[in-house]
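Protein sequences, first through last, are from chains A and B. Residues are numbered in the working numbering as their position in the first sequence, beginning at 1, plus a constant of 31. Residues are numbered in the working numbering as their position in the second sequence, beginning at 1, plus a constant of 5.
Read the hints as simulated data drawn from the structure, not as lab findings. Among these hints, one or two may not hold up.
[Stated by the list, open to error] So, partial list: chain B residues that the calculated Cβ filter (under 7 Å) puts toward chain A:
id	residue
1	Asn13
2	Ile35
3	Lys93
4	Arg96
For glycine and all other residues, C-beta sits at the position ideal for the given N, C-alpha and C.
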Amino acid sequence: MTTALSVHNLKKTYSSGFEALKGISFEVKSGDFMALLGPNGAGKSTTIGIISSLVNKTSGTISIYGEDIDRNFAAAKMNIGVVPQEFNFNQFEKVGDIVCTQAGYYGIDNQTAALRAEKYLKLLDLWDKRDERSRMLSGGMKRRLMIARALVHEPRLLILDEPTAGVDIELRRSMWTFLKELNQQGTTIILTTHYLEEAEQLCRSIAIIDHGEIIEQSSMKTFLSKLDRETFILDLGKDITTVPELDGVRSQLLDAHTLEVEVSKQAPLNAIFAKLSALDIPVTSMRNKANRLEELFVSLVERKR
Amino acid sequence: MNWQQQFNAFSTIVRKEIRRFMRIWVQTLIPPAITIALYFVIFGELIGRRIGHIGEYSYMEYIVPGLIMMSVITNSYSNVVSSFFSTKFQRSIEEMLVSPMPNYVVIGGFVLGGVARGIAVGAIVTLLSLFFAHLSVDNIWITISMVVLTATLFSLGGFINAVYAGSFDDISIVPTFVLTPLTYLGGVFYSITMLPDFWQGVSQVNPIVYMVNGFRYGILGISDINIGVAYGMVITFIVLMYAWAHWLLKYGVGIRS
């Protein structure tokens, strides 16, 4: 399979002396949907900044679909689209003009740019807003505008830096659907997000960066299979004062009617319910304390500290 | 990018720049026209009548080329400095940085935008001057080429200023403390031959002297400076300023961290 993005021994030390990246290397296969995760300040945005030429690297190499970003700058850049974390368009320009102008920067002629702008603004439900100044858009619309702008030159690799930050759940889910479809049509996607449920739902592979180093890179399936314990929250039908004895299960009371239980992934849950029934403690509902990826992510990052 | 794609990118920036200053024409085209009209009234009409003639031309006729050039200089400079700094401030410069555009396309696009505004304001001022003075053009090619070269040079200057600027204050420092004094001392209102020898020598290092005199030569056919020297100086400055601007963009000074 073709490699969409290859990052090799990438280092970045800022003028302040802060070493943001300590020689990271990773690859993204063509057609993949990869989550690039890490705590705040881990180096995710620096990595994306270097790939998209917004940050100067200290050393290392990057190639996009086989084109070295230093030696064949234009060919490499033609293949990449970037949706940044913060709004970075002219607040006084019209929505349609922003998208058409971006197409122009990629050498696309006016007629094609207008057609592409129409296509992507319609896909992202912004066509009705094409003649409005961008500052008049809501936060969610601005995020979608940045996606339309990043797609207008139809890149093979799309990088999204926290695209759903501050977006309501309904809009977030519609963006997930859009991104899934885009990926199914062949666009390779790299996503950074703090919503781990989002990463788990969308992505097929994962790279975790912390303190400027890649601490994990694998397929999402392989990574999630490392999870050997899960924590559930049980809402109880009556108040209790002591933690019930549950064999081989770590449990604690969060309050008089909420019990947290941590069970081995292989252990059946029936035994817990049977024991609670025997103790005449009804369970009215049950939910995961955190999603599986979140549990793994937190344990991995904490282990490194 | 092939040449056609580069041309599309270049024309995109130029259109965007022209759209910007046309959208805010009340701020970009009208104030310079009013300012220069006041110069015509006060210096040309009221004071100029008492000064009499410089050579074979009335004082009003003498200062018209300088005032046109002054408006071209200030407007081409301020267009690029404010536009490019604004793209930095709003971070929309990232739209260009992520694209495959070569640096010379970016610089060229902004410069042509500045040239367009300089020429637009210059044309308005020229039309206004017709109400105050009889204006004939001695050599149209020298006149046009000197305006275009001067606007190019000061657009590059505006670009460099904007790259270094860290705040809106920084984009007004050079126009206030460098550009305005150089323009006023650049022979707009007087012939440098009227100055004592020492100040004539000092004026030789003021680049604006060469542009004002080159343009005056195109309009009136008179100049304090040899026209070949004027062209040589302007072109040399353009080459140096372009090299500086290109270097800044290549290494991302003030743009990339």
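Does the closest beta carbon of chain A sit nearer than 7 Å to the beta carbon of B:Asn13?
For B:Asn13, the interface hint holds, since the closest Cβ of chain A sits about 5 Å away, which is under 7 Å.
Can the hint on B:Arg96 be confirmed by a CB-to-CB distance to chain A that is less than 7 Å?
With a minimum Cβ separation of about 4 Å from chain A (threshold 7 Å), the hint on B:Arg96 holds.
B:Lys93 as chain A interface residue, shortest Cβ-Cβ below 7 Å:
Constraint on B:Lys93 not satisfied, violated at 11 Å.
Evaluation of the interface hint that places B:Ile35 against chain A, nearest CB under 7 Å:
Interface hint status for B:Ile35: violated (19 Å vs cutoff 7 Å).
Checked against the numbered hints above, the structure violates hints 2 and 3; every other hint is satisfied.
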